[in-house]
Amino acid sequence: MAHKFEIENLNAWFGARQVLKNISMKIEENAVTAIIGPSGCGKTTFIRCLNRMHEITPGASVSGKVLFNGLNIYGNGVDPVMIRRKIGMVFQKPNPFPMMSIYDNVLAGLKLNGVKDKKILDVVAKQSLELANLWDEVKDDLNKSGASLSGGQQQRLCIARALAVNPEVLLMDEPCSALDPIATAKIETLIRKLAENYTVVIVTHNMQQAARVSDYIAFLYLGELIEYGQTKQIFENPKHELTERYLTGEFG
Amino acid sequence: MSRIIDSGLEELSAILHKMGELGYRAVLTALTECFEDKEAYNEVREISDILVSMAYHVEDKAFELIARFQPVASDLRTIKSYMKIAYDFARFGRYALDMSYTNQKFGGIRNCETWMISHVKEMGEKTLKMISLSIASLRSHNSQLAEKVAQTEREIDKMYFDLLDKLIKRAATTKCTVSSVLIVRYLERIADHATYICESIIYIATGQKVILR
Amino acid sequence: MRKMDYYRFRLIKDYAARFIVYLSLTVALIPLFSILYEVVQKGISTINIDFFVNPTPTVGEKGGGAANAIQGTLITIGLASLIGIPIGLMSGVFLSEYSEHKLSVIVRFFNDVLSGIPSIVIGVFAYALIVRSIGFSVIAAAFALAIIMIPTVTRTTEEALKLVPLSLREAAIALGVPRWKTILTIVLRGAKKAVITGILLSIAKISGESAPVLVTMGYWRWWFAGLNRPAANLALNVFVFAVSPFENWIALAWGSALVLILLVLGINIAVKIFTRERY
Chain A
1 MAHKFEIENL
11 NAWFGARQVL
21 KNISMKIEEN
31 AVTAIIGPSG
41 CGKTTFIRCL
51 NRMHEITPGA
61 SVSGKVLFNG
71 LNIYGNGVDP
81 VMIRRKIGMV
91 FQKPNPFPMM
101 SIYDNVLAGL
111 KLNGVKDKKI
121 LDVVAKQSLE
131 LANLWDEVKD
141 DLNKSGASLS
151 GGQQQRLCIA
161 RALAVNPEVL
171 LMDEPCSALD
181 PIATAKIETL
191 IRKLAENYTV
201 VIVTHNMQQA
211 ARVSDYIAFL
221 YLGELIEYGQ
231 TKQIFENPKH
241 ELTERYLTGE
251 FG
Chain B
1 MSRIIDSGLE
11 ELSAILHKMG
21 ELGYRAVLTA
31 LTECFEDKEA
41 YNEVREISDI
51 LVSMAYHVED
61 KAFELIARFQ
71 PVASDLRTIK
81 SYMKIAYDFA
91 RFGRYALDMS
101 YTNQKFGGIR
111 NCETWMISHV
121 KEMGEKTLKM
131 ISLSIASLRS
141 HNSQLAEKVA
151 QTEREIDKMY
161 FDLLDKLIKR
171 AATTKCTVSS
181 VLIVRYLERI
191 ADHATYICES
201 IIYIATGQKV
211 ILR
Chain C
1 MRKMDYYRFR
11 LIKDYAARFI
21 VYLSLTVALI
31 PLFSILYEVV
41 QKGISTINID
51 FFVNPTPTVG
61 EKGGGAANAI
71 QGTLITIGLA
81 SLIGIPIGLM
91 SGVFLSEYSE
101 HKLSVIVRFF
111 NDVLSGIPSI
121 VIGVFAYALI
131 VRSIGFSVIA
141 AAFALAIIMI
151 PTVTRTTEEA
161 LKLVPLSLRE
171 AAIALGVPRW
181 KTILTIVLRG
191 AKKAVITGIL
201 LSIAKISGES
211 APVLVTMGYW
221 RWWFAGLNRP
231 AANLALNVFV
241 FAVSPFENWI
251 ALAWGSALVL
261 ILLVLGINIA
271 VKIFTRERY
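Chains as they are written, first to last, in this note's numbering: chain A, 1 to 252; chain B, 1 to 213; chain C, 1 to 279.
Be careful, since some hints might not be right.
Stated by the list, open to error - If you want a taste of the chain C side facing chain A, the calculated C-beta under 7 Å gives, among others:
1) A67
2) Q71
3) E100
4) K162
5) L166
6) L168
7) A171
8) A174
9) L188
10) R189
11) G190
12) A194
13) T197
To be verified - Derived CB-CB ranges, DEER-like:
14) L163/C x M82/A: 54 to 62 Å
15) E100/C x H3/A: 32 to 40 Å
16) K93/A x D14/C: 48 to 56 Å
17) N206/A x L163/C: 56 to 64 Å
18) Q70/B x K193/A: 19 to 27 Å
19) H205/A x D60/B: 46 to 54 Å
20) K193/A x S167/C: 46 to 54 Å
21) F63/B x H205/A: 21 to 29 Å
22) H205/A x A67/B: 50 to 58 Å
Unchecked claim - Calculated cross-link-like contacts (lysine-lysine; reagent style DSBU-like; alpha-carbon spacing at most 35 Å):
23) K116/A x K162/C
24) K144/A x K193/C
25) K148/B x K193/A
26) K186/A x K181/C
27) K192/C x K93/A
28) K121/B x K232/A
29) K193/C x K26/A
30) K102/C x K144/A
31) K193/A x K209/B
32) K192/C x K86/A
33) K232/A x K175/B
34) K86/A x K42/C
35) K3/C x K111/A
36) K205/C x K116/A
37) K192/C x K239/A
38) K272/C x K21/A
39) K116/A x K272/C
40) K119/A x K139/A
Since the hints were derived computationally from the structure, they do not count as laboratory data.
Everything numeric in this text was worked out from a predicted model, so none of it was measured.
Think of the CB as a built atom: it goes at the ideal place given N, C-alpha and C, for glycine as much as any other residue.
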């Protein structure tokens, strides 16, 4: 399988504080890669560097290369807005736009970028909601406010919204941590289904979730990449002692 | 730092050590019975039954730990291996019982030819040594000790085939032939299981799946 | 103290506190209601068709209305809003969305200073700047009122925008929406209620200003005659007529005061209607 991302010597700072140290790694296409590690190890910062969201925080900076489909997204003249249309993101706390209906929420990315054709919009809305396993639950209520859904549904709505702009990659920052176990299970099933057609990178502090959902694992500790490998190998026989200690719960 | 799962793992480890000692005793008793005029069948039977029920207990406990704690990495390898090792110890009891049964039926090999007696005695000692080695490496999760076992295993295999060769060449009474063949067969199987135990120890310690035979 | 006694003691304290609170509320509302009562009582008799149709009477003329004052007030406030609202809005957006910019500290500081300057001083400033060259005029008055308006609009807009959670902005940016569009659509739309409330309330505020109007326009008796000439103004009329010796003037003063209060009331009601929950 081709590498969707090739990350070379990625460093990131908040002001003077360095949060990511010299990370180099490859991310496989059409697979789920889970980023795990104790709190504060830089997981969220890492994926925010993949779609150039890290730099919108005042004082944040980045060095190194992130090659996406071979192109360095931090190169000169690269438009971050275009990058973010190809690399979507779902956040920890579901954040549907409360002043929009479900229908408008799903299509927010398209409408705000000028797509007006109602026929196209209808089709995309239905497809995206189906992809996110939400269509059956909301198809009769598309005009209700986006905020009127349950937490799990809201998160699936956010996933549908991210998918509607037809990205190649979906970045997920602890998407289930605000949800109950049943809603979590639904989203985990969804993630495995999405991996057939999208590259998914998920940050999670729940090791069992990482084990259930991912094909590859990257273990970060204090801003450094300690180990990267296939999920089966990491969970059965990790190579690095730190990884072993983290997985067996000695710290976290 | 002590974790919740640690007490479960320690419990399993304690049971396994007990099983190791019992297994050694069973084989020793059955082996001694070959050369002496002492009935030991009931004693060996009792030990074997205990070993079997302990093996079931280990399996149950291991499954409980898996269901409750979703162990990974070395914990997972440990639990998987403990289940196998428990089965292997139970096998010691079972083969010891088989040996004792053979002794009951054929009267042991104390009345057989000298070369036969010394051959079986030597094999028996080597086998007992292997059992001790496997118990020691379990105690310390020491993979280097475990590798030593490969050497002895080869020796036992060789002795097994040697006996068969000798029996074919030299005539011996039917009783002794059958009896000695069965005994060395059981000893060879016990040695095999001791080897499996050592392979499991190596797997726990290093994650490598090796074949020590 | 026994348990029951202590419980009763707490009950008494509770009732006492509640009583004090209600009493304070009443005391606070008394001025409002007494003003309303006074104005309505004195002014209601003047409110008739004439009031809305006739211009202000001269000395000695009988009857008359405040039609031209209403017209003039609307034009002046309209022009002031046209100037003040966009500037205030954009400043508010800048302070809220681009707060990492070096200028924002300066802008915020001067905005705070401006909001504290007395309106008469602003009026005099407008006098010096515009009246000296163009003369007393609607333009000068609108200019002064706009300046009075700007800090309020800026502050309320900034506060309103800050209430929109960061997560909504991030969601839009992650969808590949450019920052300016995010601000226009998501942020402003999300804060629509609060922003419009702030704007309408600042309009209500300037509609009652009389001192700056006095020094930039002065008293005008006729209909609207061009932006470079003065126009009639309701608040100013109250000021001028109330202490005059003419009965009909005094009545008109009360009527104008009533209209002003109704205007403010109307704006507040409009705000409530406009910002009701839709879902």
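Hints and how they fare:
no.	hint	result
1	A67	violated, 41 Å
2	Q71	violated, 37 Å
3	E100	holds, 4 Å
4	K162	violated, 15 Å
5	L166	violated, 9 Å
6	L168	holds, 6 Å
7	A171	holds, 5 Å
8	A174	holds, 4 Å
9	L188	violated, 10 Å
10	R189	holds, 6 Å
11	G190	holds, 6 Å
12	A194	violated, 12 Å
13	T197	violated, 15 Å
14	L163/C x M82/A: 54 to 62 Å	violated, 31 Å
15	E100/C x H3/A: 32 to 40 Å	holds, 35 Å
16	K93/A x D14/C: 48 to 56 Å	violated, 38 Å
17	N206/A x L163/C: 56 to 64 Å	violated, 32 Å
18	Q70/B x K193/A: 19 to 27 Å	holds, 23 Å
19	H205/A x D60/B: 46 to 54 Å	violated, 32 Å
20	K193/A x S167/C: 46 to 54 Å	violated, 26 Å
21	F63/B x H205/A: 21 to 29 Å	holds, 27 Å
22	H205/A x A67/B: 50 to 58 Å	violated, 22 Å
23	K116/A x K162/C	holds, 30 Å
24	K144/A x K193/C	holds, 19 Å
25	K148/B x K193/A	violated, 49 Å
26	K186/A x K181/C	holds, 33 Å
27	K192/C x K93/A	holds, 23 Å
28	K121/B x K232/A	violated, 46 Å
29	K193/C x K26/A	violated, 47 Å
30	K102/C x K144/A	violated, 42 Å
31	K193/A x K209/B	holds, 33 Å
32	K192/C x K86/A	holds, 30 Å
33	K232/A x K175/B	violated, 54 Å
34	K86/A x K42/C	violated, 69 Å
35	K3/C x K111/A	violated, 65 Å
36	K205/C x K116/A	violated, 41 Å
37	K192/C x K239/A	violated, 55 Å
38	K272/C x K21/A	violated, 53 Å
39	K116/A x K272/C	holds, 32 Å
40	K119/A x K139/A	holds, 16 Å
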